[in-house]
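**Q** Sequence:
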Amino acid sequence: MSDAIAHTTLANGLRVVAQRVEGASGVGVSVNYRVGFRSEKPTRSGFAHLFEHMMFQGSKNTAPGEHFSIVQACGGVVNGNTFPDSTDYYQVVPAEALQTVLALEADRMGFLAISPDLLATQRAVVKEEIRLQVTGKPYGGFPWTVLPGVMFDRWENTHNGFGEMADLDAATAEDCRAFFRLHYAPGNAVLAVCGDCDPEQALALARVAFAEVAGRAAPAPHDPDEPPGTDERRGTCHDPLAPQPAWALGTRLPDARRDLRGYAAHMALSHLLTTGSNARVRTALAALGAKADSATGYFGPLTVVHPDTFVIVAHHPPGRADKTEETVKNQLRDVAEGAARGAETARAVARTRTGLYRDFDSPAYRARFLARGALLFGRAGIGEDLAQHVGDLTDGDIAAAAARVSSPAGRALLNLLPKEMPR
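Take the sequence shown: its position 332, counting from 1, is numbered 333 in my numbering, and each next residue is one higher.
Since the hints were derived computationally from the structure, they do not count as laboratory data.
Result set (DSS-like, lysine-lysine): computed pairs, CA atoms no more than 27 Å apart in a straight line:
id : residue 1 : residue 2
1  : K330      : K292
2  : K138      : K292
3  : K128      : K42
4  : K420      : K292
5  : K420      : K138
6  : K324      : K292
Put together the whole structure using the sequences plus the hints.
**A** What follows is the structure in structure tokens.
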């Protein structure tokens, strides 16, 4: 059970939200900045992710890498993530370590250490991560590093958020300082605290911890939206490490700021199609020797503002791409025409809602969701609102979501081909 969410805005512009969660073990702390892949400029791809790493390289009162060691010494966990529209830094620690963590976050928000040597260290780490996670393993980054380039036209929406090696090599320490001054202003961030804490006390601790962090002008929120396409688009990519071909479908999700119920229906549709051994698309593709997954957004629910993407991914034997596409489209058409109802849709709704509440049980997930909700959607409690919408879904809502995915307008299809292998 969760208490109401307490809010405040500090004198420097930092927004703070706090929530007590009854029975929680420890406290989750997340600082989310309104900067991500879609904040980048041409010739500076990958900079948001690179800077996520720079934020762990020390500050006025914290040595490089010491943020990790201090949190871990408290018995806590710490990490960061870069998304298209935000970057988050989060910790889960015992309640008595909350003040320590807030001091660490304030120190790097106000007084980050940036030097050519620190940049060189983290640039090498990021380049190695790309080699290990994207270019050096089968299906690395598929489809999210490629499919946006088929779906969209604006560079902000199409480029690979990991970044081009040449762009990473060109980055300078002064570039980092400018990036920090612009995007890491307190007024461009939200701090969330949740778990085993008194919300008003958490706000008071935040006021003290961030008192020395000076406010400065924050950039206007970036709007990455663009008109949807009118026709279905197709693309092909090649992966010499992949053992067999793959296929992906992507289409725009409803804008969660305006149609949260429609967004929720796509989440349930994803489970109905591919979650569990009896899911429609999974069952139909098994007869072809193929398997599929689907997702509401590449990075999970409500991680980005509009446009976000509903995606279905299938891995199939050589020569079965056309049949895979036909099978998925047929299943979508059937659901759009009302074939899914009763126990089938109820099961999908239950799985969706259970998954959300299971995630909310994690202080790390809840803190990040609170901060991201306030930062991107102006609603710290949007996660609870989303769960409520999921619980209220009808067969007709899910059919309408399938009809939207079935429409060729704004939809993109991508074939991945292994080296010297037919579709």
